[in-house]
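Number of protein chains: 2
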Amino acid sequence: MTIEATIVDIAKAAKKAALAMATCPTDKKNQALLALADRLHKDAALIQAENKKDLEAAKATGLSSAMIDRLTVSDAVIASMADGLREVAALPDPVGAKSATWRRPNGLEVARMRIPLGVIGIIYESRPNVTVDAAGLCLKAGNTVILRGGSEALHSNRALAATISASLAESGLPETAVQVVPVADREAVTHLLAQEEYIDLIIPRGGEGLIRFVVQHSSIPVLKHYKGVCHVYVDQDADMEMARAICFNAKVQRPGVCNAMETLLVHRDAAQRFLPDMARQFADAGVALRGCAATRALLPGIETAEEADWYAEYLDLILAVKVVDSMDAAISHIATYGSSHTEVIVTNSYDRAMRFLAAVDSSVVLVNASTRFNDGGQLGLGAEIGISTSKLHAFGPMGLEELTTTKFIVLGNGQIRE
Amino acid sequence: MTIEATIVDIAKAAKKAALAMATCPTDKKNQALLALADRLHKDAALIQAENKKDLEAAKATGLSSAMIDRLTVSDAVIASMADGLREVAALPDPVGAKSATWRRPNGLEVARMRIPLGVIGIIYESRPNVTVDAAGLCLKAGNTVILRGGSEALHSNRALAATISASLAESGLPETAVQVVPVADREAVTHLLAQEEYIDLIIPRGGEGLIRFVVQHSSIPVLKHYKGVCHVYVDQDADMEMARAICFNAKVQRPGVCNAMETLLVHRDAAQRFLPDMARQFADAGVALRGCAATRALLPGIETAEEADWYAEYLDLILAVKVVDSMDAAISHIATYGSSHTEVIVTNSYDRAMRFLAAVDSSVVLVNASTRFNDGGQLGLGAEIGISTSKLHAFGPMGLEELTTTKFIVLGNGQIRE
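These protein sequences, in sequence, are chains A and B. For the first sequence, my numbering puts the final residue at 1265, and the numbers step up evenly by one. For the second sequence, my numbering puts the final residue at 1265, and the numbers step up evenly by one.
Source of the hints: derived by calculation from the structure; they are not laboratory data. Among the clues, some could well be false.
If several chains are the same, the list does not tell them apart, and a pair holds so long as it fits within one copy or across any two.
[Stated by the list, open to error] Below, a list of computed lysine-lysine pairs in the DSSO-like style, where the Cα atoms sit at most 27 Å apart:
# : residue 1 : residue 2
1 : Lys1074   : Lys863
2 : Lys945    : Lys862
3 : Lys889    : Lys863
4 : Lys1254   : Lys945
5 : Lys900    : Lys1254
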C-alpha cells in the first residue's frame, strides 16, 4: 500500500469513528481515560522496551542530550501521563452543553449546542508523552485523533498507540478513535495535510520550522503558535519592588518556554529607580542584558541591543531592555515587534492599566502579574493542548472547550419562511 | 509598482489602520456607517456612471443576463446598501464586552475580552453590493478590510471604495480601514492569500471553484462554505400536513439558494401517506422528482435517482427523494452525502427529535421548521457575512460576533509563578 493510501485509510477510519464519538456519553469517555491510565502502568515494561529502540537509534545518530531527554519514557513520564489522564477524566465534559435559548418573533426557539470538532490531526516532534496527553484531551472533547509524532519516536509512539487502542476497545469505544501514523517518511505529513474531506483541524506542536511547513501545506484549518516574544512594561507608577519580582520571575523561573519574558520596556521616569537594582538581580542569576542607548547610559557594562534583538525569542538567559518615553511608545513597540503572545504592564495607575488591557493585541494581557501565567492550567482552563497566537477559533491557551465548536439547534412547530 | 508590491502595501496599510480601529469608540464607528449611508445616495450618479462602464463591458463580452443583473447597481441596490448600513449601525457593538470574571486560588482575576479579528480579506464575485455590505459589518466589529471583487465589477467597486473612504475620512477613521484591490489580474488574489503576516482572516464568497482556489492557496485562515445539500427527514410520527408545508417551502420558496432542500428523506411507514400528495403539490410547482426504488414504486412517473443525485446541490426545481427504513438510516444518509449545512426533522416524537438534534452534524439542525431559516437575520444574529460549513471559529451563519475573537485579560497584584 502506498503512503498516501495508508493516510487516506487512517483519515477515513477517523471520520467514521468520529460519528460514534460525537454522541458518546461522558461516563464512557471517562472510563476509557481511566482504563488507559491503568494500562499505561501495566504496559510500562513493553512501552519502555520499544522506547529503548528509539533511544539507541537516537544515540547512534548523535541526537543532543536535550533531545534524548525529551524522547525518554521514564517511569516518571509514565506516571505523569497517567496522572494527566485522570485529571482530564475529572474535568467537566464540554459536549452537549446548550446556550441560553432565544425566541424569534415567529416562535422559533434558537440555541447553540456544543459539539466536538470531529477529527483532529496532531503533528509534533520528539516527546512521546504528547501522544497520550493529546489523545486524552481530544477524546474527552468527543473527537477522534490522528497522531503524527517525530520519526525518531516511532517505536515509542506505536507502543503507546497499542496501549491506547486496547483501552478504547476495553471501554467499548471505537479503536480507531486514536490512531498513530505508522510510517516515518515526511511524505506522510503532506498527505495528512491534504485530507480536508476527513480532518477538521490540524494542531502542530514543535519548532517554528515545523509549524511554518504545516501552515504552508495544509488545506485544513491549523491552530498554531509561532513564537512567544513576551514583554513586560514597567510604568512610571509601578511599585518598583513588585516590578522587579515580576520581571525576575518572567525571565528566570523557566527561560526556555514560550511565556518567558524576552523584552523589558521601562518608562523613562522609572528607569533610574528600576534598572540598576534589577540589573544586579539579573546579573546574579546569570542573565545577559542587551540594551538601547538610554539603558546603556544607566547600565554601561551591557551589550547593545540591535534591531534583531527586539524580534528575538531567546528561550535563554538573555533579555533585551528598552527605555520608552510613554506607555503609548511601549504599546507601539509591542505592536511592531511582538508575537501576540503575552504582555504585562506593572503599574498602579488605574487609567493606564485599563488602556493597556484594551490596546494591546495579545492572547493574554496581564496587569501586575508574571508572563508565566499564560498557561491553560494557571488560568483555570484545566489541561491545555497548546497556546494559539492566531485569532481564529482560539486565541491564547486552548483547553477542552477549544477542541469543540457549536452548532445551532432550532425548535419549531411548523414555521415556514414567507 | 508590481502587483505583489501593491498588495503588500495594501496589506500593511490595513494592518496599521487595524490598530486604530481596534479601540475606536462605538459612536464613531456608527457615525461612519451612517455617513456612508448618506453619501451612497449623494454619490449615486457617480457610482452608477462607473457601474455603466462595467455593464457595457459585460454586455460586450456576452455575460449571462443573470450575471448582468447581479452586476447592476440600480437605485434599489443603492437604497438597499444604505438601509443595510443603518441596520448594522443599530446593532450592538460586540467589541470590548467582557465575560464573567473567574478568580484563581492565587488571587488572579481572569476574564475574556471580545476584540476585533484585525484585518479581514474578502474575495467575491460580481455583486458590487458585497463591497458595501461586507465593509459595514467588518467596520462595526472593529476590523479593517481588504476587498477583492470580480474583475468585471472593478469600476463599480473602485467608485464604491472612493465613497467609503470619503465617509471614513469625514468621520475621523483611517481611510485605509476599507481598501479595494485596484487591479483586475487574478495574480492579485494569490498575493493577497500570502499576506499571512498582515491579514487575519479570508472570507471567500462565490461559487465552489472560487472557494476551493482560495482554500488551496491561502496560508491565512479561511471561513468558507462549499455547498448546501440540505435534507428534510419526514418521520413516521410527523404531522403530514406540516411536513408537506415545510418541504414545499424548503424546496420551492427560493430554490436557487444554499439553504433550499435538495434531498427529501421519508420514513417507510410515512411514505404512502406522505408522498403521493406531496408529489402532486411539487408537480403543480414544476418540481422534478428523482426517486429511489421505493419512492418510484409509489410515484411511478418520476425519474430514477442515481448515486450522484444524493450529492447534488441542484439550486433548481429538482429534488432527490429517498425512502428510509429508520431515523438512523436517515442520519447515516446525511452523514454520508450531506454538506454539514442545514437538516430538518419533521416529527411529533420527542425522543427522536432530541436524538436527531444531537446526532446530526450540521451547522443548523431544526425540528419542525423549514431549512430556509438557516440565515443570520432569521436566527436573530442581525446581518450576516456568510454561512460557514467548516467547524473552526464559526459554524453556521456568521454575524458581527463571528467577526471578532476574545483575548484573556488578567488582573493581579504582584503574582509570580512558583
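For each hint given before, does the structure comply? Return the numbers of the non-compliant ones in rising order.
Result: hints 3 and 5 break, sorted rising.
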